[in-house]
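In terms of this note's numbering, the sequence shown opens at residue 128 and continues consecutively.
Fair warning: there could be bad hints in the mix.
Here are the simulated lysine-lysine pairs, DSS-like style, with alpha carbons at most 25 Å apart [what the hints assert, rightly or not]: (1) K567 / K476; (2) K132 / K350; (3) K476 / K400; (4) K350 / K262; (5) K262 / K273; (6) K333 / K423; (7) K273 / K404; (8) K410 / K219.
Restraint-style ranges between C-beta atoms, simulated for each label pair [as the list claims (entries may be wrong)]: (9) T164 / N499: 41 to 47 Å; (10) K182 / N415: 35 to 41 Å; (11) S638 / Q184: 22 to 28 Å; (12) K423 / D196: 44 to 50 Å; (13) S420 / R236: 33 to 39 Å; (14) I601 / I346: 30 to 36 Å; (15) K182 / D574: 52 to 58 Å.
Hints in this document: simulated from the structure, not taken from any laboratory.
Model, not experiment: these values are computed from the prediction.
Backbone N, C-alpha and C define an ideal beta-carbon position, used for all residues, glycine too.
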Amino acid sequence: MTSIKYPLILSNACISVPTLRDVLIQIFPDWSVSEITIKKLTGGITNMLLQCQHKNQTVLVRTYGKKTDLIINRNQEFKNFLYLNKLNLSSKVYAKLSNGLIYGFLDGRSLVPDELTNFFLYPLISQKLAYFHYKTRNFPKKDRPKDIYLTIKDWIDLLSSPEKIASTEINNDDTNSESDYVKFFMENSILNNKNLLQNKNSNNLKEILIDELNWFMSIVENKSREVISHSDLLSGNVVINENLSHLYSENHQFLDNDNNTNTINTANSKIIKNKQKFNLKDKNSIYNISFNSNLKIDNIILSNANNDLISFIDYEYMSTAPRGFDISNHLIEWQGFDCEISRIPNPIKTNQTLRRWCISYILGYLNINFNNPNIDNRILNKLLDEFYPKNENFFDQLNSKQNDQNNNKPNIKNTNSFSNGTKINLSDQTFDTDFNIINKNVNSIIDQLIEEIYYFYGLPGFYWGIWAIIQHSISTIDFDYLNYSVNRFNEYWIWKKNFINNSQTYEDNYSFNVLNN
128 MTSIKYPLIL SNACISVPTL RDVLIQIFPD WSVSEITIKK LTGGITNMLL
178 QCQHKNQTVL VRTYGKKTDL IINRNQEFKN FLYLNKLNLS SKVYAKLSNG
228 LIYGFLDGRS LVPDELTNFF LYPLISQKLA YFHYKTRNFP KKDRPKDIYL
278 TIKDWIDLLS SPEKIASTEI NNDDTNSESD YVKFFMENSI LNNKNLLQNK
328 NSNNLKEILI DELNWFMSIV ENKSREVISH SDLLSGNVVI NENLSHLYSE
378 NHQFLDNDNN TNTINTANSK IIKNKQKFNL KDKNSIYNIS FNSNLKIDNI
428 ILSNANNDLI SFIDYEYMST APRGFDISNH LIEWQGFDCE ISRIPNPIKT
478 NQTLRRWCIS YILGYLNINF NNPNIDNRIL NKLLDEFYPK NENFFDQLNS
528 KQNDQNNNKP NIKNTNSFSN GTKINLSDQT FDTDFNIINK NVNSIIDQLI
578 EEIYYFYGLP GFYWGIWAII QHSISTIDFD YLNYSVNRFN EYWIWKKNFI
628 NNSQTYEDNY SFNVLNN
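Using the sequences provided together with the hints, build the complete structure.
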């Protein structure tokens, strides 16, 4: 086989269906034109995706949509792919062409929107997203994708020149000119919610949007840690491998019958009560996790986050963003392209679906190895280090309780040192009797994460609403971007009205029908 150092940079090569086989032969000289099969895939509303197969090798060819380089930095996307591949978070890139990418095919299938809400699947997806955030934390600074807020400001700049608001209603069929689609959006989204605007005196769309964005940024400042954000984790960008797909679709029957389960009792644990292990035929495992009753969380199916049961694809919108945005963006994508908001989980602390999602995220971020017999010690150790690096009250509470129980035990803060100067001696047997404080603080971490998510529930609609206005003017794909832009931006108004109704803070209530009240 010919030895080639990938990826190839073919700046002058252009992908088109009639010439694709000739391009593939340049990239894979051992391929035979007559043995190449090409299949068009569906799912996205921006690019064309082709599956190309030669004997036992399959690659994907993605061609960029018309003028999408106006909203997507294709050089940055290429850097994203290369870095993520080093972390085993993406497939291999074989070639960068003038209008697309050729990269490896992940064995499996993409999900559909209904599956994002599935009780069996969503904890695994949550866990993988957290693992993604953790693994990309050291993304080289010079190659990091653009800040999400700067991207939004760039998109706002792409909108039309200032337009005065027309008093007549714009018909969607007539919205072909730049001014018409701006008027349509103003009429059907902005003016319908004028009472919520930060700037009620302007008729300039750009000015209105910038004022809204600046206000939002001031509200969420320091509400979430910065991560490398996938930023487009809709159902089509979540792939489950073949073994998990069979297991899921065949009601858990696709198991290795030779030692397929193993129940591990951890009754004295701090967080996990017990776990049942299922071995898949591809040597991966999943675990049915039962938590300590104090956490009030149902059983969850999880796995070791570094496996390939769940994979993410398409990194063209990857950005540097608050973690709360990336999580919120994914949860809101539960609604699908038809914007069925009833599928979106309510961002409140009493929502058990969201609590299950959050504990899965926490365990994924900590990259817990569920085979480890000391799993609960590791969870406690890393929970404190990752989520409570400066919380002295937590340690004081533990010290006070343990000193009351046994005055001869050493003060916990003086045992060892974390990177932040504080460490708990996890081998100390005094921890074995102290479940309540630990579980209380895991619950506190879940609550904190839900608040973080709540604050960012309006940003995805703002982001994709603006994106859709631009797409309406540049895309040749048959999709109703204009009404989609109104539907998505209404998510921002829903969040903002809830936020205002809750005295501009978190409250444990949220209504998706608030605009109708």
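Quick check: which numbered hints come out false for this structure?
-> Structure breaks hints 2, 6, 7 and 11.
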